[in-house]
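From first to last, the protein sequence lines stand for chains A, B and C. For my numbering, add 1331 to where a residue sits in the first sequence, where the first one is 1. For my numbering, add 8 to where a residue sits in the second sequence, where the first one is 1. For my numbering, add 16 to where a residue sits in the third sequence, where the first one is 1.
Keep in mind that the hints are not guaranteed to be accurate.
Mimicking DSS-like on lysine-lysine, the simulated pairs with C-alpha atoms at most 25 Å apart in a straight line are [claimed, not checked]:
| # | chain 1 | residue 1 | chain 2 | residue 2 |
| --- | --- | --- | --- | --- |
| 1 | B | Lys131 | B | Lys217 |
| 2 | B | Lys156 | B | Lys181 |
| 3 | B | Lys256 | B | Lys156 |
| 4 | C | Lys83 | B | Lys170 |
| 5 | B | Lys101 | C | Lys83 |
| 6 | B | Lys170 | B | Lys184 |
| 7 | B | Lys217 | B | Lys128 |
| 8 | A | Lys1437 | A | Lys1410 |
| 9 | C | Lys71 | B | Lys156 |
| 10 | A | Lys1349 | C | Lys71 |
| 11 | B | Lys218 | B | Lys139 |
| 12 | B | Lys181 | B | Lys217 |
| 13 | C | Lys121 | B | Lys170 |
| 14 | A | Lys1356 | A | Lys1340 |
| 15 | A | Lys1340 | A | Lys1552 |
| 16 | B | Lys270 | B | Lys256 |
| 17 | C | Lys83 | A | Lys1356 |
| 18 | A | Lys1340 | A | Lys1470 |
| 19 | B | Lys181 | B | Lys101 |
| 20 | B | Lys184 | B | Lys139 |
| 21 | C | Lys277 | A | Lys1349 |
| 22 | C | Lys83 | A | Lys1410 |
| 23 | B | Lys218 | B | Lys115 |
| 24 | A | Lys1569 | A | Lys1552 |
None of these hints come from the bench; they were simulated from the model.
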Amino acid sequence: MNDMIIEVKDLHKTFIRKDTGTELKVLQGISTGIRKGEKIAVIGPSGSGKSTFLRCLNRMEEPTSGVITFNGEDITSPKCDINLVRRKMCMVFQHFHLFPHLTVRKNLTLAPVDLKLMTQDEADARAHELLSRVGLADKIDEWPDRLSGGQKQRVAIARALAMNPDVLLFDEPTSALDPEMIGEVLDVMKELADSGMTMYLVTHEMGFAHQVADRILFIDKGIISEEGTPDEVFDHPKQPRTIEFLSKVLRR
Amino acid sequence: MKKLLAVTLIISSLLIIASSSFADESPKLRSIDQLKNERLAAQRGTVGQFIAEDMLGDNKGRLLTTYEKYVDAIAALRQGKVRAVVMDEMPAKRFLNDVEGLAIMDKALSEENYAIGFRKGNKELVEAVNKALAEIKADGTLNAIFEKYYGTFLAGDSSTIKPEDIDFNKGAKGGKLVVGTEAGFAPYELRVGSGYIGIDVEMCAAIAKKLDRELVIENMNFDALPMAVSTNKVDMICAGITVTDERKENMDFSENYVVGAKQVAVVRADDYEK
Amino acid sequence: MTMKSNLSHQKGAGRGDILLGLVGLFLLYLLYDSGFFTAEAWADFNRRFYQNFVKDSRYMMLVDGLKATVFMTSGATVIGVIVGLILSVIRVAYKGGVPIPILNKFAEAYISVLRGTPAMVQLLIWNFTIFASARDLNTQYIAILAFGLNSGAYVAEIFRGGIESIDPGQMEAARSLGLSYGSSMRHVILPQALRNVVPMLFNEFIALLKETSIAGYIGIDDLTRAGQNIQALTLEHSQPLVMVAIIYLIIVLFLTHLVRKLENWLSRGKRG
Ligand SMILES: Nc1ncnc2c1ncn2[C@@H]1O[C@H](COP(=O)(O)OP(=O)(O)OP(=O)(O)O)[C@@H](O)[C@H]1O
Ligand SMILES: [Mg+2]
Chain A
1332 MNDMIIEVKD LHKTFIRKDT GTELKVLQGI STGIRKGEKI AVIGPSGSGK STFLRCLNRM
1392 EEPTSGVITF NGEDITSPKC DINLVRRKMC MVFQHFHLFP HLTVRKNLTL APVDLKLMTQ
1452 DEADARAHEL LSRVGLADKI DEWPDRLSGG QKQRVAIARA LAMNPDVLLF DEPTSALDPE
1512 MIGEVLDVMK ELADSGMTMY LVTHEMGFAH QVADRILFID KGIISEEGTP DEVFDHPKQP
1572 RTIEFLSKVL RR
Chain B
9 MKKLLAVTLI ISSLLIIASS SFADESPKLR SIDQLKNERL AAQRGTVGQF IAEDMLGDNK
69 GRLLTTYEKY VDAIAALRQG KVRAVVMDEM PAKRFLNDVE GLAIMDKALS EENYAIGFRK
129 GNKELVEAVN KALAEIKADG TLNAIFEKYY GTFLAGDSST IKPEDIDFNK GAKGGKLVVG
189 TEAGFAPYEL RVGSGYIGID VEMCAAIAKK LDRELVIENM NFDALPMAVS TNKVDMICAG
249 ITVTDERKEN MDFSENYVVG AKQVAVVRAD DYEK
Chain C
17 MTMKSNLSHQ KGAGRGDILL GLVGLFLLYL LYDSGFFTAE AWADFNRRFY QNFVKDSRYM
77 MLVDGLKATV FMTSGATVIG VIVGLILSVI RVAYKGGVPI PILNKFAEAY ISVLRGTPAM
137 VQLLIWNFTI FASARDLNTQ YIAILAFGLN SGAYVAEIFR GGIESIDPGQ MEAARSLGLS
197 YGSSMRHVIL PQALRNVVPM LFNEFIALLK ETSIAGYIGI DDLTRAGQNI QALTLEHSQP
257 LVMVAIIYLI IVLFLTHLVR KLENWLSRGK RG
């Protein structure tokens, strides 16, 4: 259990609509974890709670109940400084969310410099190195609006990497991209995975999940209804819901 | 280029509006009594306003217009918006000197006295000022001031009087004597450049000297003066203020320094037959 | 910028110029008709112009007044932006889950009181009630405070609109990197919000510039009051006021020009 980076115990998340007061139980008892260097793909139908699960991990959403530990520390306790946790558990979003008023360079260096983890010079050097890694070294002084979708997402990945995180959380990183740009982003992620990065990946790219992931979580109606290696889940699914879901997405 | 054109247009239209006046067909004015049913103007908060209100009675809401400044009231008169302006005789005479086509109706509307106003209950300062006032009356200082201004202003040339020649007793040991006034009431007070001249100004300077204090002038709107003195914003107010019973209820006055100042009606010369 | 929009832009301006020219001609005719172009009228105009502005360096009264107006407007602008920024961040932060209910209530009350009462009344209260006994304080500072705090309430609403128009994903992205709420606000949200609200802010300051014309009420010889002082001096009604109006107009046109430049500069890096 010692090489577990994140452990989740009985995680619940209930949204309460402000206007009507009705409750929406999105996560209903999730217990799981991720080892150092492990890549876990999270799949499931739309609205099943995948994003919410990911966002609870860095407390972008406040869990309703349950315990999440990160490197052994209970991050759901009030004593935990969540900002320190987030430095080491960075997120890549479906819609990139680059900072449009800052150049690519500043997008990468803002957080490390502001948090005094690096000087501006160190951060600049690191930014150059990371941009080379994602194939965009020549765009370092470009404005985000002048990049294509695929380029933006690669910059967003570099921005997360600039924090030297222990874990990366990807929430459908290719869903907002034109088909011809998906490949370039998946290539970067593949390279990351091969380099030993610990990754949670919510995706609809089943082929990529099969290829890269060590483990697949199938989330349905707020619980992990099936879990296993890609071979187990994709090729020999046991639950009828999994079979139904896979038959739908794979047919497309 | 386009902007320049636009600016020129706006200026010229303003000039057109300014130069157009209203034709007036009604018979000419002969006596003061006729004014009871005419449109009148006065400066806001002055005794002229109260007299006009009395004259118009129930019609004052319809017929009386009050302005922030005398210049505005006179402009309204010249443009035919009102038939007469009720104001103090001295400033009225100055208007007659400098502005063409005005006349003062023969009979005065009333006579009153000017005094300096204080916050109600400020006995100490009232007494000190009264003492100083008596002294400058006795030694002829006050009279000299009156003569200097009557001579120059009514002769139509005030540019010989320079604000920098008036001694404000700068750096006096007794602290500041802050006087509120409305410096658009020649010959009593007038802003010239970045300084002030006028009978009231020079009189206050003489009083300040007697009190060993430095004179500081605060130039405000006339109707803000009572508020300024009652909230201690200024020590006293001196702006050709007429002593009335009503005002006495809300502030204290010094001894009079002008007795028998007249309130007159200023009209257009071509609208007046003696 | 495409060829097409360039062309249509020019065409629109051309039509406007013609219209302006026609109106101008008509006004010139009216001036001619009213006898403005006769020799005597010109001589009279020039004599009055000399009296109002040239004699005894009276234009200096306008210059000094302009200085006071500019001083008050700039001072109030600085206070307005600072106060507005603080108030809007309080309100947005409270809405975003930062537990500051008392501050938020205060900000709400501040905004509704200062926006719900006339600036003139506020100015009088500041001068004659709150600072009644502060006589050694330059009245212009009181005016700056009054106008600045008043403007802050309006600026707060402008900023709030600007902040709320920023995609919430921006805040999430900043926070997900470990930046604090304050840092995210400062480095990510506010710069973008500011860029969005620059035109509205400038309009607010142009309004403020004009609003300072009531400062004469508390005894400040601002530009408007300087015109009135010249009026009282020369007993001339129209020229001083028209001159004052022209000066205000020139400043406002200049500021409007400036804001265009600024907008262009701010939108660098945006696709265009
Ligand atoms: N902030 C919120 N407030 C209220 N309801 C929410 C909120 N966020 C998510 N939900 C609801 O929670 C449910 C799960 O949402 P979530 O985004 O986790 O689904 P998902 O599995 O990521 O779906 P998708 O594949 O479409 O992204 C949905 O019904 C959604 O409407
Ligand atoms: Mg989702």
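Consistency of the hints with the structure:
1. Lys131(B) x Lys217(B): Holds. Lysine 131(B) to lysine 217(B) sits at ~19 Å (cutoff 25 Å).
2. Lys156(B) x Lys181(B): The hint is violated at about 29 Å.
3. Lys256(B) x Lys156(B): violated (31 Å)
4. Lys83(C) x Lys170(B): holds (23 Å)
5. Lys101(B) x Lys83(C): violated (34 Å)
6. Lys170(B) x Lys184(B): Between lysine 170(B) and lysine 184(B) the Cα gap is close to 22 Å, so the pair holds against 25 Å.
7. Lys217(B) x Lys128(B): holds (24 Å)
8. Lys1437(A) x Lys1410(A): violated (32 Å)
9. Lys71(C) x Lys156(B): Holds, at about 22 Å.
10. Lys1349(A) x Lys71(C): This hinted pair is violated, its Cα atoms lying about 71 Å apart.
11. Lys218(B) x Lys139(B): Answer holds: lysine 218(B) to lysine 139(B) is near 9 Å, not above 25 Å.
12. Lys181(B) x Lys217(B): holds (11 Å)
13. Lys121(C) x Lys170(B): violated (56 Å)
14. Lys1356(A) x Lys1340(A): With Cα atoms ~17 Å apart, lysine 1356(A) and lysine 1340(A) stay inside 25 Å; holds.
15. Lys1340(A) x Lys1552(A): It holds: about 17 Å lies between the C-alpha atoms, which stays within 25 Å.
16. Lys270(B) x Lys256(B): Satisfied, since the Cα-Cα distance of roughly 20 Å is no more than 25 Å.
17. Lys83(C) x Lys1356(A): Distance of about 64 Å is beyond 25 Å: violated.
18. Lys1340(A) x Lys1470(A): violated (42 Å)
19. Lys181(B) x Lys101(B): Not satisfied, since the Cα-Cα distance of roughly 40 Å exceeds 25 Å.
20. Lys184(B) x Lys139(B): Given pair lysine 184(B), lysine 139(B) holds - Cα atoms ~18 Å apart, limit 25 Å.
21. Lys277(C) x Lys1349(A): violated (43 Å)
22. Lys83(C) x Lys1410(A): violated (56 Å)
23. Lys218(B) x Lys115(B): With a Cα-Cα distance of about 39 Å, the restraint between lysine 218(B) and lysine 115(B) is violated, given a limit of 25 Å.
24. Lys1569(A) x Lys1552(A): Since the Cα atoms of lysine 1569(A) and lysine 1552(A) sit roughly 17 Å apart, the hinted pair holds (cutoff 25 Å).
The structure does not agree with the numbered hints 2, 3, 5, 8, 10, 13, 17, 18, 19, 21, 22, 23 stated previously, though it agrees with the rest.
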